[in-house]
Every structure is written in structure tokens, then in C-alpha cells.
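**Student:** The listed protein sequences derive, respectively, from chains S and R. Just add 46 to wherever you are in the first sequence, counting from 1, and you've got the numbering used here. Just add 98 to wherever you are in the second sequence, counting from 1, and you've got the numbering used here.
In short, the hints are calculated from the structure, not lab data. Misleading hints may appear alongside valid ones.
Said to hold, decoys possible - Distance ranges between label pairs, derived from CB positions:
1. R:R263 <-> S:T312: 31 to 37 Å
2. S:K258 <-> R:I278: 35 to 41 Å
3. S:P67 <-> R:A347: 42 to 48 Å
4. S:N296 <-> R:E290: 54 to 60 Å
5. S:R169 <-> R:Q352: 26 to 32 Å
By construction, the Cβ of each residue, glycine as well, lies at the ideal position given by its N, Cα and C atoms.
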Amino acid sequence: MEQKEIWKSVLGEIELQISKPNFLTWFKQSQLINKNEKDGTVLVSLPNNFAKEWVKNRYHKIILGSLRSLDGSIKNIDYVVVSQNPAVIQSNQKRGQVSKTIANPQPTLIELKIDPKTNLNPRYTMDSFVVGSSNELAYAAVQAVTKDVGKKYNPLFIHGGVGLGKTHLLQAAGNEIKKTYQEGVNVLYVTSEKFINDVVWAIRNRRMEDVKKRYRNIDVLVIDDIQFIGGKTATELEFFYTFNVLYENNKQIIISSDRPPAAIPTLEERLRSRFEGGMTVDVSYPDYEMRLAILKTKVQEQGWSVEEKILESVATKVQRNIRELEGVLNKVVFYEQYKGEKMNTKKLEEIINETTQVTSKNITATAVIKIVSDFFEVSPDDLMGRSRKSEVVKPRQICMYLLRDILKLSYPHIGEKLGNRDHTTAIHACEKINRDINQKPSLNQRIMLIKERVYKDSG
Amino acid sequence: MKLIVLKNNLVEGLNSVEGSVGGNSNLPILKNVFLGTDSNNIILTSTNLELATKYFLSGKIIEAGSVTVPFLIFNNIIKNLNTERITLEKKGKYLHVSTDNYEASIYSQESKNFPIIPLIQNKKDSIKINTSTFKNALTNVIVASQYSDIRPEISGVLINFQDKRLTFVATDSFRLAEIILGLDQLKSNFEEVSAIIPLSTASELLRIVSGQKDSEVEIFIDPNQILFKTSTQYIISRLIDGKFPDYRAIIPKQTETEVSINRQEVIDAVKLTKVFAGRASDITISVGENKKFLEIHSADSALGENRYKVPVKLRGEKFSVAFNWRYLLDGLKIYKSEEVVLGVNDSNHPVTIKSTDEPLSLYVVMPIKT
């Protein structure tokens, strides 16, 4: 019998022998955590010292008796206190709502975990970054930069899709440099949003000098999500000057974005050319082995026990986003540990759908077709027509892929929507795009953009 | 069981166990107080399973034994008696309380059903502090603490012994108070130890020790519980499980501007000017061009505004920062000296309140954004 099962039946027996208040007070959070096969001692955890004393002194015999009737090899019981803060579990779920309802102008003493000087979160390190074929170039570039700050690849521009580890790499680079050079170098990590806010604040309060001073007195500037800077003229200009000052003084600049410099539409030409002047590396989608490695690292880090099989199926099913991968894993562990539910394929499927699916309620097939045709500047009629020119075929295939991917339409239905085509045509298109998407970043980029528009229009 | 005790002693005992009597829990016996004998001592105990208080009562033991009765009833009777000597005797299922002119019998519960108070495993190492020093340190940091469901690890007071110094720290993430005691104020045979005491325990401790002057409190610490031992009682509490944030990182290493102020005058000024403080309880303190006055100012568009000028000594530049006036007042009140120093960087960074006469106390508060 499983340990959990054994303990359940022991509790069942005890419940009959003592009053309900007593049972609730002393046994509610008890657990059988371990059995030593050698000397037949089992370890029982209790929530506090009071329960430990009480159970040990009053119920020891009853527990031992019923344990032995279930498993004759048990000879003795040890008790330990494992304190649980019930508030923690509850509040983790509540947290999201609470922070929204309280609009407090009183700022806190900065998030205590983040280094206030550098803005770096020590959680991200080079060691905890899982390297695979999709990001080894980026990883190597970062390593080279941390060894030879400001000289080798400057600026270092890392781009890639959402949730693929750009922030991790950036922060890890900052942390690594900080570790190597200690107080000798000033590292500053900012998101481009923070930079924009600082500039806006400075303009409003006529304190531009402060901002200039702050950003130009550092040795390593790490900027996350630079694409948001595009189109904000004053900020772009300020960033351009800052960039030049730092660059001329051989200060290291590390930048991340969700697309390559050339693909940020609103970015000024002079900034673009500067970004491209250094080293541009991309991180792309992790392959299956890497996804599994990431899950395993995470499980090990947190000290969880999750079945190999479950990890494998999570890695198979969640493909596009490491953050989602971790999200699904967190949920799986939550269900298993706190709700005590056993994972099976069906449950797992549910969790994955819950986590990864964007509500596609308001999206219609017509809307998708319209957006794709707008994007490629062809008319919807062309998409549905019979032409087999390559400038129409490609959009048509992408359209089919999206109808399948976003709306989960059946293949015959997709064929029908796009000019009464055969379902095999649709299958071919979806498979082709699915294959190409992993090989051609530019295609992936485009599909991302289209998806963004689709979700934006329907939301 | 039969005992004869003096009323005042018993009242004092009941007062000190009152705080840890259980409230509405599953187990009704937690609302009881345990009364029993242990060799030559009479013991009063109460617990809510987080905190337990054991009080050693002086009195005459005629017959050993133990009993447990509802605290509220027992306390009400004893408090209102007007004779000096009280006889307590267990007869059958009842506890008889009798004086020369009064008699009551309280229905009791079996004392063996009363929770067993856990003992500390590590009896060897302890920290000894004078009660009033301990009380002062605790009072001064506890102002910065606040109960939080979200972050249990800061809903308490951190006591940390390291490098021959005992540090008390509390924070509610808006402000932080720290008091350091050196070896001249305490004895410790711990090398290094650290524990987070729940806020409720800390306030209960304050209540209990505030009556005791010039005695000593001895602290024993286990991985998940703590014992405070004074001459007449034991207070045993669970500890908060968690890691206290690395608070040193947020204390500003240096401050650009430092202002010496007369503490009492600023306290009075804040109390006065806060009348116009808005919903965020914000008041602004600033030093202008001439650098001779600290101006405390609050305004509300619907009510009006006021300003108060206090002469100061300034080192650094002019500044203006806004605070929640309660937080500012709390910080000023932890000091005793006439003069304290405000350390300001700018309105986005924490402000320190220090005193040159009390170098081992520190208060840090985050300004309000305006």
C-alpha cells in the first residue's frame, strides 16, 4: 500500500476513537512522510510542537496499533514538526486580486529581493540557464561578453520570441559581471519601459540632467525589451545619445528585443544601424530534448518529485514558450501536492489547455482571413480563388495554418472556407508551415505579428 | 488538590496568562486555564496552540493535584473578590473557590485533556537580557511591523544574534526599524542564532514584561519554537517559518542631504500639520533655498492647508519629500534624544532617521510619491 493510503486508513481509525474537535486540532495536517525499511520506523509530520507532544503522549499506542495492523513491518514511530503556513497557499492565489484592489500611493521599500542598485534579480544566473541548440549561440556570446566586458561584442543584441529566456540571459549576464568584478563595475538593468518612464519624468520635472547622469555613469547597461522604445521620439533620442556616450567609452551594452532590429518598424534608422553594428544573436524555440532538460532542471531546483512520464508529456505538448512550460509544470505540481490529485493524461490535457489557450471566443474565420489578406496585401478573394502564384499561395497556407492553430477548425472546414478546397490541401499547408516555422525565423516572426493582430482585434 | 493563595498574586497570574487563552478554536478546552501543582510550585497555564504561558504562583499547597476551568468565569470571580486569602479546592468534578464570606463551585474539565506544553530541546544555549532593555528594543521595532497574510515572513520581529550583537528588526515593507544590542547589554552563549517571532507573540511579550522591572529575561531557541523565561513565567511560542528578507540591502549606505532637527518640536509640528493631510495621510517636509528652516506642510484642496517652520541645521542641498505622517511620527518616537538626523537622497529613495546619541537604533521609511 502507498504511504498516503496507509495514513488515510490510520486516520480513519483514529477518527472513530476520539472526538471530532480533538481530531481536527491534532491530526488535520498530519502526514506520514517516510518509512525506514531497515528498522521499521516511520516518520510522521505534525504542524506544531503542541500537536507533536500531544500525539506522542496520548495517541502513540493507537497509531502504532493501527499502523501495525496494516503493515506488520512497522516497529516504531518518530514525530517531527513540519510547520506549514496555511496562509501562504491561500494568499498565493489571492495575491493577484489583492494588489489590484489596494491603490496605495505609498511605495514599498523596493522589492527586497532585487538589488536596488543594479535592479538585477539574483534568481537568474548563468548556471541555471539551460543551454541547447536553439540558444547556444546567444549563451556563448553572453559568456564572451562577461569575460571581456565592453570590448568583444558591443552592443550585444539578443532577440527571440516571448518566453524563450531573453530576460534570463540578460539578467544572468548582469549578475555574472557583477560577481566577477564586484564593486569595480556599475551594472544597471532596466526595462525599456522604465527608461521611457524616467525620460518622461525628467521632461515633466525638468530634471533631464539627473537622468543623463544616472545612465551615463555606468559600465554595463542592460536593456530589456527595447522594441517598446520604437516610436517614442524623445526617448529614442535620449537613448541614442546615451548609447553613443557609453559606446564611445567602451562601456558594454546588452539589449534584448522580441524581433531583430530590422523588424522593429518604428525604430529610427540611426539606432537600428547601431544595434546591427555589434553582435546580433537570436534565441529560438527549444527542441524537445531541451524542453525536457528545462523541466528537469526546474524540478530539481525546487526539490519536487514529478514522474518522468508527466515531464515527458508536458515537454511534448507545450512547444512554443518556456514560460508556459514552467507554468504548466507549476500547475501540475500544485495539483499533486496541495490538492492531492493524481495526474493522468486527461487532467494534464486540461491543465495545458487552461494555461496555453487564449480565449478565441470572439475570433471568427472571416476575421482571420481578413487580417492575413491585409497583412500580405492581397485581397480575400485572391486567398479563396484558384490562383497558384507564390505571392498568394504562401498567405493562403499561413491562413490555413492559423485557422487550424487558433480556431481549431477541422481540415474539411478550412478547405471549404478558403475556396472549397480539398481537406488534404489544408492538411498539407498546416504541416508545411508547422515544419517551416521552426526553421525560418522570419516566417515565425510574421506569424507572430499576424497572431498579435488577430488577438488584438478580437480582444 | 487544595491550595491557599493571596488574591493579588492570583490576579497577577491570571493577567499574565490571559493573552494566550485560546479563542474560537475547534478545541473548547483551549478556553480553559490549567491550575496545578508541581513539587513546590503552583502553576497557571493557558495556550492557544501558537503561544503558551506558564505562570509560577506563590501560595500554600495543602494537597497536590490539578484542575482546568473556563478562564473567563474563573477570572471574573477572582477579580471581583474583596478578600485577601482564597482557598481553591477540587472536589469531584468541581473547583471550589472559597473566602470568608463567598463560595463558588466551577464545573471543571479533566486536566489530563489539557494540551501538553512542549519543551525546548536546546536547554544549553540562551540569551539573557535585562527586562527593560528587552522591552525597549521590542517596543521600538514593533511599530514598524504589521500583520500580513501575503508575506508571513515579515509579520513578525526578527531577532538575530551574530558577531556578538543582537539585532531586532521589523518591517511592513513601507518602513523598517532596527535596534542593535551589544554584549554589554546581554549575555549569550549562542554563536549565531536567528528567529522570527510572530507579531502576536511579540505584543503579548511586551504586555507581560512591561510590569517587571530590573529582572532578567532568558531566551531559548529551537528550530521552530522559542521560550522566554522570566522569574515568574515561561512564554513559549511557535516561530514563523520563512526567511526574513535581506533588509540590509535597502538601507541607504549614504545620504546626500542630512538635516538635524529637534525631535520634540518636529513631533509637535507633524501632529499639528497633519490635520489637512489627505487620504494618503501625506505631509510634505522640505528645506528651501535659504536652508535654515524645515517646512512641514500639508494641504487638502477641499479643506485647506497649513505649514509649520522649524529651524534646522542642514548639510547638503534643498529637498522636498512627502511621507505618511504616521510612519514619520513612529520613526521619531523610537528615539529619546533631543536631536535626530534625517538622511535624504531624493523623493524616490528611502529616508533614514538616526540619532548620534543612539547609534544602535535605525529607522528607514519610504517617501510617498506625489
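**Student:** Output the indices of the hints that this structure fails to meet, ascending.
**Tutor:** Violated hints: 1, 4; rest satisfied.
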